[in-house]
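Undergrad: Sequence:
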Amino acid sequence: MKSLGRMLLAGACTATLGAGLALAGGNVTARQVHQQRRIAQGVRSGELTRAEARHVERNASRIHRSIVRDRVDGGAFTPHERAKAQRRLNQQSRSIYRQKHDGQSRD
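The sequence shown begins at 2 in the working numbering and counts up by one.
Hints were generated in silico from the structure; no laboratory data involved.
Since this is a predicted model, take the numbers as computed values, not measurements.
A hint or two may mislead.
[Unchecked claim] Now the in silico label distances, taken between C-beta atoms and shown as ranges:
1) 103 to 76: 39 to 45 Å
2) 98 to 62: 16 to 22 Å
3) 81 to 41: 29 to 35 Å
4) 66 to 38: 16 to 22 Å
5) 69 to 91: 14 to 20 Å
6) 74 to 103: 33 to 39 Å
7) 103 to 79: 32 to 38 Å
Beta carbons: idealized from backbone N, C-alpha and C, even for Gly.
Throw the hints in and build the complete structure from the sequences for me.
TA: Given below as structure tokens:
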């Protein structure tokens, strides 16, 4: 019974650590999903105009295509490609923030 408890505890620790590493390592897909939710929330609340939403969605689409292309080309997502994707996602995040807080609203 003790060994079963230890195995469950070890499994829980491993799962928690894995999730933490995925976030700390900069899970690109999770960031893309989060940014899409931020855009959708801005549209729902009226903080993003149609033109602003179209602009950030188009940019998000370009980033996504670039990431997919990088993953397919070499068979793996290299650290250099991951860093490039993170930089582009950082720029996108700042753009979303600026657009949502620029005082314009949807009529």
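Undergrad: Each hint should be assessed against the structure and marked as holding or not.
TA: Against the structure, the hints:
For residue 103 and residue 76, the Cβ-Cβ distance of about 41 Å falls inside the hinted range of 39 to 45 Å, so the restraint holds. With their beta carbons about 19 Å apart, residue 98 and residue 62 fall inside the hinted range of 16 to 22 Å. For the hinted restraint 29 to 35 Å between residue 81 and residue 41, the CB-CB distance of approximately 31 Å keeps it satisfied. The given range of 16 to 22 Å is respected by residue 66 and residue 38, whose C-beta atoms sit roughly 20 Å from each other.
With their beta carbons about 19 Å apart, residue 69 and residue 91 fall inside the hinted range of 14 to 20 Å. Distance hint for residue 74 and residue 103: a CB-CB separation of about 37 Å, consistent with the stated range 33 to 39 Å. Against the hinted window of 32 to 38 Å, the Cβ-Cβ separation of residue 103 and residue 79 comes to about 36 Å, which satisfies the hint.
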